[in-house]
Structures are given as C-alpha cells and as structure tokens.
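The task is simple: from the sequences and hints, build the whole structure.
These protein sequences, in sequence, are chains A and B. If you count by the working numbering, then the first sequence holds residues 174 to 258, one letter each, in order. If you count by the working numbering, then the second sequence holds residues 98 to 329, one letter each, in order.
Calculated directly from the structure, the hints in this document are not laboratory data. Hints may be right or wrong, so weigh each one.
Simulated crosslink set (DSSO-like; lysine-lysine; CA at most 27 Å straight-line) [claimed, not checked]:
1) K190(B) - K145(B)
2) K253(A) - K240(A)
3) K184(A) - K321(B)
4) K236(A) - K321(B)
From chain B, some residues computed to sit far from chain A (all C-beta separations above 12 Å) [unchecked claim]:
5) L144
6) E150
7) S165
8) N214
9) S256
10) V274
11) F288
12) D298
13) I299
14) Q324
15) M326
Think of the CB as a built atom: it goes at the ideal place given N, C-alpha and C, for glycine as much as any other residue.
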Amino acid sequence: MKSETTNGQCKELDKCIELLNLIMDNEALPEEESFIDQHLENCACCLKQYEVEKEFRSLIKKKLENKDVPSDLIASIKHKIAAAH
Amino acid sequence: MSTLVELIGVGDGKSRNDKLFGSKIVNIVGTCKLLTTVSQEDKLKELKYTAREKVEVFDQEFMPHINSMYNFAYRLTFDEDDSKDLVQDTYLKAYRFIHSFERGTNAKAWLFRILKNSFINDFRKKSKQPAKVDYQEVESYYNSDDVDVPITTDLRVDSLKDMIGDEITIALNSLAVDFRTVIILCDLEGFTYEEMAKILDIPIGTVRSRLHRARNLLKEKLQKYAQSMGYK
Numbered sequence: 174m175k176s177e178t179t180n181g182q183c184k185e186l187d188k189c190i191e192l193l194n195l196i197m198d199n200e201a202l203p204e205e206e207s208f209i210d211q212h213l214e215n216c217a218c219c220l221k222q223y224e225v226e227k228e229f230r231s232l233i234k235k236k237l238e239n240k241d242v243p244s245d246l247i248a249s250i251k252h253k254i255a256a257a258h
Numbered sequence: 098m099s100t101l102v103e104l105i106g107v108g109d110g111k112s113r114n115d116k117l118f119g120s121k122i123v124n125i126v127g128t129c130k131l132l133t134t135v136s137q138e139d140k141l142k143e144l145k146y147t148a149r150e151k152v153e154v155f156d157q158e159f160m161p162h163i164n165s166m167y168n169f170a171y172r173l174t175f176d177e178d179d180s181k182d183l184v185q186d187t188y189l190k191a192y193r194f195i196h197s198f199e200r201g202t203n204a205k206a207w208l209f210r211i212l213k214n215s216f217i218n219d220f221r222k223k224s225k226q227p228a229k230v231d232y233q234e235v236e237s238y239y240n241s242d243d244v245d246v247p248i249t250t251d252l253r254v255d256s257l258k259d260m261i262g263d264e265i266t267i268a269l270n271s272l273a274v275d276f277r278t279v280i281i282l283c284d285l286e287g288f289t290y291e292e293m294a295k296i297l298d299i300p301i302g303t304v305r306s307r308l309h310r311a312r313n314l315l316k317e318k319l320q321k322y323a324q325s326m327g328y329k
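Here it is, written out as structure tokens:
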C-alpha cells in the first residue's frame, strides 16, 4: 500500500491515530489492526506518531499524581454502615 | 424503585450492558413485594446475601477499590472534602443496594458507575460552585461527531519524556469533565470500552469518539505547554 502524504504528513493521520489507539486499547477489529500494520510499513509519519502516542499514554499512566486516601475515610464509612443496621 | 433503577441503571435485559453486572430488576421488585408477608426465614432465602455475607462482599469486593474511587472523585471535584463525601456516599449506596450486585462480577465498574451518577445527580446540584466545565470546549467538540479535531503533530516524544506529573495533571484537569472522565477511565483505570459505556450510560461508539477527541485535546494542551516552556 502506497502512503499518501502531504509535506511528509499522512493524509489520513487523524484516522490512523484513532486506529493506533484502538489497537493499544485492545479494542481494534482484526481488519483495523492489519490495515495499520500494512500502513506503518510505508508511512514514516504514522510510525513516528505511534511513538508519540505510546509515550503519551505512559505519561498519563506513570506520572499523574495519586492522592492518598484520607486516613479517617474508611473508618467513617464503616461506622456509618454499622449504624445503618 | 426509581432510585434503584437510577442507581444501577437496569435496562431491558437484552443489551450486552445489562448482562454485564447480572442485575435482575424483576427479581428485586418481586423480593421487595414478598417481604411484607413472608417470615424471617423466608426473607433470608429471598435476599441474595445474609448479613454476614454482606459484610464479606463489602470488605472483599468493594473496599479494595477505595484508592481508585477516591482519586476518581478528586479528579472530578478537585476538593478533598467533596471527594470524601462523594466516596462515602457511593459506598453507603453500594451497601444499601448490595443485593443488586452479583458476586464475582465487576465490582470496580459497578462502584465507578454509582460514583459517577452520584456526582451528576447529587453532587453537582448541591455544589455551591458551578460545575467546572469549559463550555466553549464542550460546544466545539461535543455536539458533533464529524467535527475536525486539531491534530498536534509537533508534539515530540522527547518533550513528553521531559514532562513532570504536575504538568500532565494541570493539562488533564483543564479538560472539560466529560473528556477528563474518559481519559481517567481508560488510560488510568484500564476499563474496556464496554465497561466505560456502562459506567457513563453512552453507546460504545460515543466512548470511542469521545476518547479520541479527549486524547487529541490533551495532546494539544501538552504541546502548548511544551512550547511555552521552550521544550524542543
């Protein structure tokens, strides 16, 4: 499959980004996956974008700060449930 | 019963989503009617869980998710006290409607759904502050599935690698709540599209398109941030 690009940018970039993410979400259909696999063989733009998408996801997963659960919250829930009996 | 229906969102039993949590509204309604006439012993047979089992389900299946629940609440409200209220409210509702939970099914998705509904139905109404939604953003991207989404092609792997937690947190928090939510559910909590559809009461196709738009918006914000910081 020949890749259609304008100034080095894939003409179907938005569609390809969506499909790349579907694959990474394990939600792509087999035909969507094989389309992208073939496409990436010829499209340097989308292959580069794939790296960006991967890094973007890893950033969200690893660097978003998590708050600790306030120490009194669990006790308070348990107390209210015991009182409900 | 309206509260229960609203809480667990039972449909006609035919869709895939209805089977996800194994909720059986008919049985629950039947049980409620019977309770007025049957003996104590029969009551126990009719209800799914004994008092002891309720404690077990609550401790073993619900409580392990409190960390995710609290952080989800915090990312919706941006306030510690509000998050505590929202999580507590969610757990009390979960306990109250524990008989509509099928043991061994997806407790985390069930709890997230209750929390999301509590946030929309109770919390937003009660909250003194208006919901922190960027309406312009919602208007631009929310109403049409065909709208062109800006694609950030200048965002580089290296500038992403240089970013710290604060930057990604600020960028995520600046997204409208509906976009923020799908990123949290998918990228952070790892829910499937089907689970997200159930949690959010939207079709799977909408999950897919909203997620795509949310990610593009977030990348755009990160790109602007990288530019302003002079990352190359």
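Non-interface claim for S165(B) versus chain A (Cβ beyond 12 Å) = violated (9 Å)
Taking the minimum C-beta separation from D298(B) to chain A, is that value above 12 Å?
-> With a cut-off of 12 Å, D298(B) remains clear of chain A, as the shortest Cβ separation is near 19 Å.
Assertion that L144(B) lies farther than 12 Å from chain A (Cβ) = Holds: least Cβ distance 14 Å, greater than 12 Å.
Would you check whether the claim that S256(B) is not at the interface survives, using Cβ distances to chain A and the 12 Å cut-off?
-> Label violated. Min Cβ-Cβ 9 Å, cutoff 12 Å.
Find the nearest Cβ of chain A to the Cβ of E150(B) and say whether that gap is larger than 12 Å.
-> holds (14 Å)
Straight-line alpha-carbon gap K184(A) to K321(B), limit 27 Å | The hint holds at about 23 Å.
Can we trust that Q324(B) is non-interface, i.e. its beta-carbon lies farther than 12 Å from all of chain A?
-> The assertion about Q324(B) holds, with a minimum of 15 Å to chain A.
Would V274(B) pass as off the interface with chain A, using Cβ distances and a cut of 12 Å?
-> At roughly 16 Å from the nearest Cβ of chain A, V274(B) sits farther out than 12 Å, so the non-interface label holds.
CA of K190(B) to CA of K145(B), is that 27 Å or under?
-> Holds, because 17 Å separates the two Cα atoms, which is no more than 27 Å.
I299(B) remote from chain A - nearest C-beta pair above 12 Å = The claim holds: I299(B) sits with its nearest Cβ about 15 Å from chain A, beyond 12 Å.
Whether N214(B) stays farther than 12 Å from all C-beta atoms of chain A, as the label says | Given that every Cβ of chain A is farther than 12 Å from that of N214(B), nearest at about 18 Å, it holds.
Decide if the proposed pair is consistent with the structure: K236(A) and K321(B), CA atoms, cutoff 27 Å inclusive.
-> holds (18 Å)
Going down the numbered hints, you'll see the structure goes against 7, 9, 11, while the others check out.
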